[in-house]
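Colleague: Which chain is which? The protein sequence lines are A and B, in order.
Position 19 of the first sequence, counting from 1, maps to 19 under the working numbering, and the rest follow consecutively.
Position 177 of the second sequence, counting from 1, maps to 177 under the working numbering, and the rest follow consecutively.
One thing to keep in mind: the hints can contain errors.
Listing some non-contacts, in silico: residues in chain B with all C-beta distances to chain A over 12 Å [stated by the list, open to error]:
1) L17
2) D49
3) V64
4) R129
5) G262
DSSO-like, lysine-lysine: derived pairs with alpha carbons at most 30 Å apart [as the list claims (entries may be wrong)]:
6) A:K241 with B:K185
7) B:K133 with A:K75
8) B:K41 with B:K185
9) A:K241 with B:K133
10) A:K241 with A:K225
Estimated spans, in silico, between C-beta atoms of each pair [what the hints assert, rightly or not]:
11) B:R251 with A:G207: 38 to 44 Å
12) A:A38 with B:G88: 50 to 56 Å
13) B:E59 with A:E150: 41 to 47 Å
Think of the hints as simulated: they come from the structure by calculation, not from any bench.
As the structure is a prediction and not an experimental result, all values here were calculated from the model.
Cβ atoms here follow ideal geometry from the backbone N, Cα and C, with glycine treated the same way.
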Amino acid sequence: MQLVAPAGTLPALKAAIDEGADVVYLGFKDQTNARNFAGLNFDERRLAEGLDYVRSRGRQVYLALNTYPRPRGWKLWQAAVDRAAELGVDALIAADLGVLDYAARTHPRLPLHLSVQGSATSYEALRFYHEQFGIRRAVLPRVLSMNQVEHLLEHSPVEIEVFGFGSLCIMVEGRCLLSSYAAGQSPNTHGCCSPAGEVRYQETAAGLETRLGGVLVDRVGKGEKAGYPTICKGRYQAFDKTYYALEEPTSLNTLDLLPRLHAAGVAAIKIEGRQRSPAYVRQVTRVWRQAIDACLAAPESFHPRPEWMQALGLVSEGQQTTLGAYHRTWQ
Amino acid sequence: MKLTLGPILYYWPADTLRRFYEAAATWPVEVVYLGETVCSKRRSFRFDDWMETARRLAEAGKEVVLSTLALLEAESELKTLRRICGNGEFLVEANDMAAVQLLSKAGQPFVAGPTLNLYNPRSLEVLARRGLKRWVPPLELDRQTLADFLQALPEGVETELFAWGRMPLAFSARCYTARAYDLPKDDCQYRCLDHPDGFTLRTQEGQPFLAVNGIQTQSALTCNLLPETAEAARMGIDLLRISPQAHHMERIVEAFRRAVAGEEPPELEKRMPAGGCNGYWHGRAGIR
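Using the sequences provided together with the hints, build the complete structure.
Modeller: Here it is in structure tokens:
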């Protein structure tokens, strides 16, 4: 079972590799990947240095090219696929049918993984991508229960990678237009949820207001911490109450499930967070490396150590963690 | 340009469904989409009820298309999907790649629903090779992008624009209707039945923002492309989709019929649950 860690920057990449990640995943510095934020991702020079760092230590690099090009942007994505093939990355993570088709036909030796943004939640969907493009692996959206993951694995034609830790998308990835509805840019088209240029923090008599595209996402009183205005984590009104109508800020943490994920045949655990700091990547990779090693050595007696849970709790959004959809009651 | 009635996105009781489609048989729409696309727990109509309704509408001269679930999680949902894809009588709208897989394996032509994420012509070509007959673009695409698409459309593929209705914006494993009532999803007590248009979420300053429809999050505002009908026709859009709502449907369909015929349509401002929007069409945030 591989540990796949996020690398939004070169220092994060080095932290992940130093702490024992088997693979780092990263993106080019443009809208071809789903974490297109200022100050993140890799230009040519840093990419060369990063690849060298990873390869000289015998690890792997996956390149995320997982947004959806529109007709006028097509050439940028096409060039990005060519560049990835030229660099010899260990896999290309893509979601768009056109991008997958181009990559499979033009670079048949470039291994393809279906991105979580491809929204494939069943083995029938996986069969489609496998038969059409020869994908070798798929990353599952964070919507299936543990039983459903196990059932899918029994029938899947390809390897499966699941999210183990990080910010929790509560919507099916690849099928969420909330960001573009309020602010014009979405993960699918621009590679970003809640674009920073559309975010406003404003101190008012009623409290600190956070807005996206002018829409009031939350308002917090004194002593409360204001989160980044992500629409699904806002507080809204219905039935005469103001509440987290969709989701409270929380992080996914599946350490408890590690032996079951391993027994089910999951090929890789993915850590979310290319937008997070090198310190986050270092901390989370260290804990998960230890946990996976402990699980592989003795799966029957595996229990998450309290210090692991504590360390992960400290870097979690809202300082809380959940098993998310893996746990039936969450669904 | 043809008019279509999209699948009902809400949970309506069986007698409401029956009355709705009896009336729809007489409306000036050429195509009617039938079936549950949001939540497999909604069972006021079973497969056989949908098929019976489909046959009645076909007898009334409508082209009928069966729509499939957008988010598949359980094997039981795949089982229903297989039944729909193998129905043997009617065209199917695939709202997930699992449906595309089943239909293309069986050599059946299909419609690609708006959740299939077709953002460029090369993606359409992939599906055209597998039997794509018609597609509904992702809701966030603007008119300029659609115009680019229509220049490069694979031979024989029709384009259907989502022209009216609260827009499905997101899908989740969680049910936000059950959450609002403090109920677990497994025991949701079918509260969606109380909200035939979903229920509106307002911001803390009272702006209608989103609408909750079980596991689906919609726009509170109704997408209204009635004023853009002539431009859509000029661009080469083949069909306009009207997404059903609980009230005023006959009047809304009639307004679109007039617009398509080049007549002055009546004002529909008062026919929306919380006002209208058309930002996506103009390349802006959808809510504008």
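Colleague: If a hint holds in the structure, say so; if it doesn't, say that too.
Modeller: Hint-by-hint comparison with the structure:
Against the 12 Å criterion, L17 of chain B stays outside the reach of chain A, whose nearest CB is about 26 Å from its own CB. Separation of D49 of chain B from chain A is adequate, the least Cβ-Cβ distance of about 25 Å exceeding the 12 Å criterion. No Cβ of chain A approaches the Cβ of V64 of chain B within 12 Å, the least distance being about 24 Å, so the stated non-interface status holds. A beta-carbon of chain A is positioned within 12 Å of the beta-carbon of R129 of chain B; the least distance is around 9 Å.
No Cβ of chain A approaches the Cβ of G262 of chain B within 12 Å, the least distance being about 29 Å, so the stated non-interface status holds. For the given pair, K241 of chain A sits about 20 Å from K185 of chain B by alpha-carbon distance, which is consistent with the 30 Å threshold. A hinted pair counts as satisfied when its Cα atoms are at most 30 Å apart, and K133 of chain B with K75 of chain A qualifies at roughly 26 Å. As the CA atoms of K41 of chain B and K185 of chain B are separated by approximately 10 Å, the hinted pair is consistent with the 30 Å bound.
Proximity of K241 of chain A to K133 of chain B is assessed by CA-CA distance (about 46 Å); at most 30 Å being required, the pair is judged violated. Simply put, K241 of chain A and K225 of chain A have alpha-carbon atoms about 20 Å apart, close enough for the 30 Å limit, and the pair holds. A hinted range of 38 to 44 Å for the beta carbons of R251 of chain B and G207 of chain A is consistent with their spacing of about 43 Å. Taking the beta carbon of each, A38 of chain A and G88 of chain B are about 54 Å apart, inside 50 to 56 Å as hinted.
Separation of E59 of chain B from E150 of chain A is about 46 Å and conforms to the stated range, judged on CB atoms against 41 to 47 Å.
Violated hints, listed in ascending order, are 4, 9; each of the other numbered hints is respected by the structure.
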